[in-house]
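S.K.: Straight run, no breaks: the sequence shown in this note's numbering ends on number 154.
It cannot be assumed that every hint is accurate.
[Unchecked claim] Cross-link-like lysine-lysine pairs, in silico, PhoX-like; alpha carbons within 25 Å at most:
no.: 1; residue 1: K117; residue 2: K96
no.: 2; residue 1: K49; residue 2: K18
no.: 3; residue 1: K35; residue 2: K9
Because the hints were derived from the structure by calculation, they are not lab data.
None of these values were measured; they are calculated from a predicted model.
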Amino acid sequence: MAACSVKHRACLTVSKKLDIVADIKCGMTQADAARKFGLSRKTVGGIWAQREKLLKEAPTGANRSKLRKSSHPAVEDALLLWIQDARSKNIPLNGPLIQERAKQLAFGLGIEIEASQGWFDRFKRRHSISYKAVCGESRAADENSVKQWKDETLPTLLRGW
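Could you put together the complete structure from these sequences and hints?
M.R.: Right, dumping it as structure tokens:
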């Protein structure tokens, strides 16, 4: 009885695929790259054929293995611009706020979208969004209001102590 060879499937991340592309650009043959990474020559050829797409997607998802597009890219592009604008103004953002804004943008574009928690989790993963403390939120306070509070309200509160 002949031995049956088992075909192993490899799930490569975008960064690993970019390593393969870089090796080929530096003069390595596709066959040598296939041996180096333990892949078939056909797989390496497919990666080489998709190099432009991989290079374009590299900044947003190097740890992803698939380059899937969202079902509503216009909504996501508009939402990303809104998030960047809000972050540049040091406006604190949270999940429900972003989800609500996504629904508003979709409505404005005439697209029906659920913007569920699952959608939001995948959106964050696709675009490498994480929550971090926003620095400089104190700039949002009006100086006159702060001065008035310190001069009038604070002394009243401290009298009781």
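S.K.: To test your reading of the hints: which numbers does this structure violate?
M.R.: none
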